[in-house]
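**Student:** Okay, here's what each chain looks like letter by letter:
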Amino acid sequence: MSTLYRLFLRSQLVRGRIIGLGSLGLLAVCLGFAVGASDGAGPRDGAELVSEYGLALFVPVSVLLFASAVLGDPNEDGTLVYLWLRPVARWKIVAAAVAAALSLCLPLVVLPMALAGALAGGGGLVVGAIASCTLATVSYVGIFTWLGLRVKRALVWGLAYILIWEGFVARAGSTPATLSVRASTRSVLGRISDAPRDFVEVGSIAAVLVPLLAAAVALWLTVRRLASQDVA
Amino acid sequence: MIQVAGVSRWFGDVVAVSDVSFDVGPGVTALLGPNGAGKSTLLRLLCGLTTPSQGTVRVLGANPRGDPSLYRRIGLVPQQEAVFERLTGLAFVALAAELHGLPSPETAAEGALRLVDLDPGDRRPLSTYSKGMRQRVKVAQALVHEPEVVVLDEPLEGLDPRQRLHLIDLFRTLGAEGRCVLVSSHVLDEVERFGSRVLVMAQGRLAAEGDFHDIRELMDDRPHRLRLRTDRPHALAGALVASGAATAVRLEVQDPQSDRTTGSGVLVDTVDVAAFRATVAGAAQQAGARLLELTPLDDDLESVFRYLVAPVPPEPR
Numbered sequence: 000m001s002t003l004y005r006l007f008l009r010s011q012l013v014r015g016r017i018i019g020l021g022s023l024g025l026l027a028v029c030l031g032f033a034v035g036a037s038d039g040a041g042p043r044d045g046a047e048l049v050s051e052y053g054l055a056l057f058v059p060v061s062v063l064l065f066a067s068a069v070l071g072d073p074n075e076d077g078t079l080v081y082l083w084l085r086p087v088a089r090w091k092i093v094a095a096a097v098a099a100a101l102s103l104c105l106p107l108v109v110l111p112m113a114l115a116g117a118l119a120g121g122g123g124l125v126v127g128a129i130a131s132c133t134l135a136t137v138s139y140v141g142i143f144t145w146l147g148l149r150v151k152r153a154l155v156w157g158l159a160y161i162l163i164w165e166g167f168v169a170r171a172g173s174t175p176a177t178l179s180v181r182a183s184t185r186s187v188l189g190r191i192s193d194a195p196r197d198f199v200e201v202g203s204i205a206a207v208l209v210p211l212l213a214a215a216v217a218l219w220l221t222v223r224r225l226a227s228q229d230v231a
Numbered sequence: 000m001i002q003v004a005g006v007s008r009w010f011g012d013v014v015a016v017s018d019v020s021f022d023v024g025p026g027v028t029a030l031l032g033p034n035g036a037g038k039s040t041l042l043r044l045l046c047g048l049t050t051p052s053q054g055t056v057r058v059l060g061a062n063p064r065g066d067p068s069l070y071r072r073i074g075l076v077p078q079q080e081a082v083f084e085r086l087t088g089l090a091f092v093a094l095a096a097e098l099h100g101l102p103s104p105e106t107a108a109e110g111a112l113r114l115v116d117l118d119p120g121d122r123r124p125l126s127t128y129s130k131g132m133r134q135r136v137k138v139a140q141a142l143v144h145e146p147e148v149v150v151l152d153e154p155l156e157g158l159d160p161r162q163r164l165h166l167i168d169l170f171r172t173l174g175a176e177g178r179c180v181l182v183s184s185h186v187l188d189e190v191e192r193f194g195s196r197v198l199v200m201a202q203g204r205l206a207a208e209g210d211f212h213d214i215r216e217l218m219d220d221r222p223h224r225l226r227l228r229t230d231r232p233h234a235l236a237g238a239l240v241a242s243g244a245a246t247a248v249r250l251e252v253q254d255p256q257s258d259r260t261t262g263s264g265v266l267v268d269t270v271d272v273a274a275f276r277a278t279v280a281g282a283a284q285q286a287g288a289r290l291l292e293l294t295p296l297d298d299d300l301e302s303v304f305r306y307l308v309a310p311v312p313p314e315p316r
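For the protein sequence lines, the chains are A and B, in the order given.
Residue numbering for the first sequence follows numbering that gives the first Met the number 0, starting at 0 and increasing by one per position.
Residue numbering for the second sequence follows numbering that gives the first Met the number 0, starting at 0 and increasing by one per position.
Quick caveat, the hints were computed from the structure, so don't treat them as lab data.
Fair warning: this is a prediction, and the values are worked out from it, not measured in the lab.
Think of the CB as a built atom: it goes at the ideal place given N, C-alpha and C, for glycine as much as any other residue.
Any given hint could turn out to be false.
Stated by the list, open to error - Computed beta-carbon distance windows for the label pairs:
1) Gln53(B) - Ala171(A): 41 to 51 Å
2) Phe32(A) - Glu105(B): 48 to 58 Å
3) Leu26(A) - Arg161(B): 37 to 47 Å
4) Ser1(A) - Gly209(B): 44 to 54 Å
5) Gly157(B) - Arg224(A): 51 to 61 Å
6) Leu178(A) - Trp9(B): 32 to 42 Å
7) Leu25(A) - Gly11(B): 40 to 50 Å
8) Gly100(B) - Ser227(A): 18 to 28 Å
9) Lys151(A) - Gly100(B): 27 to 37 Å
10) Gly157(B) - Val155(A): 30 to 40 Å
11) Trp9(B) - Val155(A): 21 to 31 Å
12) Leu178(A) - Leu59(B): 26 to 36 Å
13) Pro86(A) - Thr50(B): 17 to 27 Å
14) Ala61(B) - Arg16(A): 32 to 42 Å
I would like the entire structure built from these sequences, with the hints used as guidance.
**Tutor:** Structural data, given as structure tokens:
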């Protein structure tokens, strides 16, 4: 599996993608500094930064770029056949792909947001940013890895999911919010940091379990898809 | 080693493969057909890369779909050119060796690369490789684990003539070792060199299978064409028509500007070559003609292929 992991990791190290996401991370740090340096900035401001920039935009978009490509690119360009036609269990291919995506996404996403949290408020906000962004990254990696294998133009579908489901439908009420990675991780952030109570839309257990469950279901679907789909 | 029974594969309204059945054993078998005949779909079915809409495929006694352990015994050269662009040739083939669980992947990869006349020490990434080099590295990754069944989809495309000959020799050697080598191509000249066993696909159907000389013999609806060279073409043509051995004759007029001697002759169509051969000497004697040469003109693969994939001409009224 380490061979596959190295292959996926290497295929994901695209300079333009790394620079683009590095810039977004840098922007997060700058925003954190700006919030921290503002007169009269309170716990809400720092938490809003992590929530509205990190959990709503930076984390899902970054993970979408990597995770949808990790199996989606070889599927579309036809190189998947060189992995598929080997005596390797399908779950091992998926596990290696997910591990590679996590290896890149976690440092690229969580570290800048932790730093932004430290600059914006520090204390509980740093822990909250690390916990919520890590949970969101794990969940989105599962979801977008499946999406990349399942559909063509996964970026478009992924952005539609982020904007329509996570950004709109999931805010329409408490029930959709329970099924939202964004709402769940925002609740985790709210509980750990000193954010106002209105951050917490989902119960503690559901807030942790729903994103993990979404990732697990997505990974199971990815394995099934990989085993049953036509390969070019 | 390969059994295909009543296999069809359709994609929406498009029928790619229609009710195809055949068995393939050890040795080299050429899968022949024009572009769009369904060759690649059939090869993908054999490797389990897609499922039949109908019918069954067995490779080495097992269903190639959903049994990854079988892939240890199958090697595929896919049609698409894409490879892992950032890897070197050695890394690409070693990756295949490693995923096949070979004990010394790098050593096996070096051997496979040498087999296809590539330098294992070449440190350039595959993105810099020419089309011919890519084809050869694809062949190397398919052979690195010494599979019993080798499936090659247009493996000679993009190769120069010397490389083509080298790979054709390699495939023949693999076949002679008892491996099942199935090679698809739409280039007749290549296929003829693989050997005489062919599967001919046309419009998704298996138009013929077996030795192409035998296939030609069985094609009763197509007259065989032969060229006779003689010193008295008019007389011989008349005698052949009169004997009933020829269904049609045509005199070849020698080009006065040409110094070729093959132009003076008689083209003969006959439905029964054996009967014609038995009759022709007597007819020549009767016409007082010297028979200089008798050459079959459509006993080659190209003629067989042309007849099989072209529509049958209408019956003359």
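**Student:** What hints, given by number in increasing order, does this structure fail?
**Tutor:** 3, 5 and 12
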